[in-house]
Structures are given as C-alpha cells and as structure tokens.
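2 protein chains.
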Amino acid sequence: MSDLSYPKSKTNKVNRLGERGKYDCKTVHEIIASSPVLHVSFNSSPEDFPVILPMIGKLGSFENPSADLSEPLDLYLHGYVSSRIMNLARASSRESSSLKVCVCATKVDGLVLSLTPNSHSMNYRSSVVFGTASLVTELDEKLYAMRLITNGVLTGRYEGTRIPPDGAEMSSTQILRVSIESASAKVRAGEPGDYDKDLKQEELLDRVWTGVIPMYTTYGDPQPSHYNRVKEVPEYITNYVKETGDAEREYALTAIAKGDDETA
Amino acid sequence: MSDLSYPKSKTNKVNRLGERGKYDCKTVHEIIASSPVLHVSFNSSPEDFPVILPMIGKLGSFENPSADLSEPLDLYLHGYVSSRIMNLARASSRESSSLKVCVCATKVDGLVLSLTPNSHSMNYRSSVVFGTASLVTELDEKLYAMRLITNGVLTGRYEGTRIPPDGAEMSSTQILRVSIESASAKVRAGEPGDYDKDLKQEELLDRVWTGVIPMYTTYGDPQPSHYNRVKEVPEYITNYVKETGDAEREYALTAIAKGDDETA
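Here the protein sequences line up with chains U and E, keeping their order.
For the first sequence, our numbering gives the first residue as 140, with consecutive numbering after it.
For the second sequence, our numbering gives the first residue as 140, with consecutive numbering after it.
Derived from the structure by calculation, the hints contain no laboratory data.
There could be a bad hint or two in this list.
Note that identical chains are pooled: a pair holds if it fits in a single copy or bridges any two copies.
[What the hints assert, rightly or not] For lysine to any residue, the following SDA-like pairs were computed, each having C-alpha atoms within a straight-line distance of at most 25 Å:
(1) 152 / 337
(2) 339 / 369
(3) 161 / 220
(4) 147 / 384
Throw the hints in and build the complete structure from the sequences for me.
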C-alpha cells in the first residue's frame, strides 16, 4: 500500500524545481501529520481577499480507522461552531455546494547559506492539499475526530483526560472534514548549491562561509499549571516530548547530508 | 510612533476570542518578521481552489528605509520569475487589476494541556495580512528587497556574501511587493483554562496532569558545506544563532506565565 500517489494535475503539479515535488500519499501525509499547525485558505466571497486561518488538524479515516499515512485519508480540522469558516461550510451545505479549501503545512529544517544572496535557500518540507470542506454532523464521527486530533497533538493525551467530552462541549466544537481531491509535497534537503561561476572564485571561497544551520522544534520541560496536582509528569508525555524532539533534531541534521536535486 | 494600528474592519476583525486580537503594527509586524516562512494565499481563477504557497518574505519600506516594525511597511516576497504567483501578478498588472493575497505567519509556543480534550489549546502567535501584490520592476528596489530578505533570514548575511547580485541573478529572481490594506494578529499565551465544572472534580484533578509543554525553534551548530574553506564560523552567524535561539526559548517560557484572556 506504500505506493499510492495523488495523480499529477494542473492543480497540484510542482512547477518550479519539479524534481523536489513528491506525490506519494506517505510523504504528503507525513508532513501534515507532524505539523502542529496547518494553514487553511478559503474564499468568503469572490470579491474579497482570500483568507488564511491557522488551524489544528489531523489526517484519518472514519470509515477505515486503521488506515495508515500511506493510504487515502480525510483531513479533520478543529474549530469553533460560530467561526467564519464553519459558517461558510454550513452555508455551502445549505446551498448544496461545497467549500473549496487549500491546506498547507510547512516545516523549516535549516537555513542554507551559499556564496551569493540569490542562491540562498532553506531546507524544508511542505505539503499542500486541495479539497472540499464539510461540517461533520454525526456525533460518532465528531468524537472520532476529537480523539484523532487530541492524540495527534500529543500521543495518548485523549485517554489521559476526562472523556468522553460532554454534550455541551461537543455542541460548541465544530469539526470540518476535508475530502482531499488533490495534493503534493515539496522537499528541499542537502547542502547549499552554488553555481560553477562562483565556485571558481578563490577569493570568494576564502572569504564566505557556506553551509547549513539546522533548525528544529524543541519541546521544553513540561510546566505544570497552578492547579495541577499530579506530581510526576506522566510517562506518555515525557516519552512524546523526548521522541518527537529527538526525531525533529535528527531529521534536520540528516537532511543536510542528503543530496539536493538542483542548485539553490 | 508605537501606537499605529490597522483599523478594524470586516476583513481583519478577530471574531472568535476577540480578546486575543491585536491590531497594532508592532505586534502584527513582529510576528511576520520573526517567521522564517510565510504562507501566501491567492486565487488563480474564481473556479479553482485557493492556493497556498510557502514563501520567504520580509517587511520593509523602500521609500522610508529607516522605518521600524511599528510603522507602516510593505511586505516583500521572494520567488522565481516563472512561478505561478509571479505570472499571475504579471498578468494582473497587464490588465491594470491587482492580485489579492493573504499572507499568514504562525509561531507555536507551546502545547496547552487541560483536563478535557475540548479545552486543549496551544500558545501561539499568528499574523494575517491582506493586500495587493505587484511585481517589483525597478532594479534599485529589487536590490533593496534582496538585501532586506537576505538579512531578514540571517542578520548580516547579505554583506557577508558576494554582492551585489549580478544581472543574470537579478533577472531570474522576482520580487513581489505586497501593499498591506488590512492586517491583524492573534496571540494566545498562558496556562490551560479549564471550566469550573471540571475544576471542582477532585478525582479529575488527582488524575489528569495539566500544564504547558513549551515549544520553540532551536538552531543547531552550523554545518559547513563540503566546499567551505572558512574554518571559523563568522561571528555574525554564531551571534545570530545564539541570540535568536535564546529569544525563541525565552518567549515560549515567559508566555506560560502570562495570563490568557479566556478559557481554552
């Protein structure tokens, strides 16, 4: 099942530096799954500016809950019942139309410093997903999504809290399900890429430091709230903090050793 | 000059949890200035999905280069001459129309863990800017923007490289200038906010760990390229890595002590 890919189309094709484009579900989905925040774009009206909201969201399949990241999945976004995007999704559904959204996740893995300003770059991973957003109305699916999202933010957290959410909590929470129609990822890894014309200049090579500054998200020590009574931080939290932090750092460092496909 | 704010309007008003909304130039601009990557949304046609691109961009004023972040500024975005957004901007300009964009920057400062799944949150800072994008055609302004962007990524880097960029480099690089029409920021800081109904449950308080896991970007040790000859990493780079990393960590930790305005 690891070979499933999104078909290339006008919508999702990576034009610039196409060698960096990735279309397989696993790559596209992993970047989204490991991003704490997603950027969601929609149009409130054709005359207005497009709008971007930062939202929390996770990939899953209510129909096929054991599906992994290499399989077809929906994207569940968490929000408030009266927020603008939820109102738009509600209105679209009443008009039997669909709310088109674009969702993007980006992770910056390093600053790539080359000999000339214009050859500078970053190591990064980004995924862009295009789809239609609908309100989730069935309680079972909403609860599925709440668990998915809570455990997506911190593995094991849902079961570590007071569950299930009560009726008032679930009616003030809204979940959007994005049916993904198209998607792609773009990944840059490796060293700086300088042009031959600059690599031949001895004076330049002797003067300008080139290389990569790795960047990664660090999780600090958990800080208890003033009303916390649980003296020891639970193991599922310390494990998550350690494993996720280690994986982020590891990725940023190993990305530098990977080859890049093109200059800059 | 520190009191300048973007006027509240239908476009930029923070509706949900309005107390978290900020409109002053300084807050809005600082979040953008400290974000390594920006998410830029635009429409390629009214029928298509909105599109989000991750781009590198920095705030500045070509007319008033000494302006600081509390003053009115333009947003300069860096891209490739043949990319889709640049082609759209070029086409808009030929038709004497303007390309409407939304640009969003988000920094996640911590995972906020409360007693119930639905009260979970994140500490974060996000800025959303609405404006019209035009291609920069004058070489002086393009060079101004290249310096702004390069030094925005790493203070002092422009002067540390081979400058100025040559003609071929500048013709393959395109700069978009976004004239900001409206903008706002949203900031969540502080501890978890649980509801009284849950804070009264002794069993829950005894069982569920609550608090914040700080998150921040760490800059690792600079890794030289295989063709680097400069043995010692220049001081402007080590200073930047140290100062920026320290500031990120400091913000995430002090954000926890700040009060939040509302539950969740």
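Okay, the hints, checked on the actual structure:
1. 152 / 337: neither (32 Å within a copy, 49 Å between copies)
2. 339 / 369: between (62 Å within a copy, 15 Å between copies)
3. 161 / 220: Answer is between; shortest inter-copy Cα gap is 22 Å, intra-copy 35 Å.
4. 147 / 384: This pair counts as neither: shortest intra-copy Cα distance 33 Å, inter-copy 39 Å.
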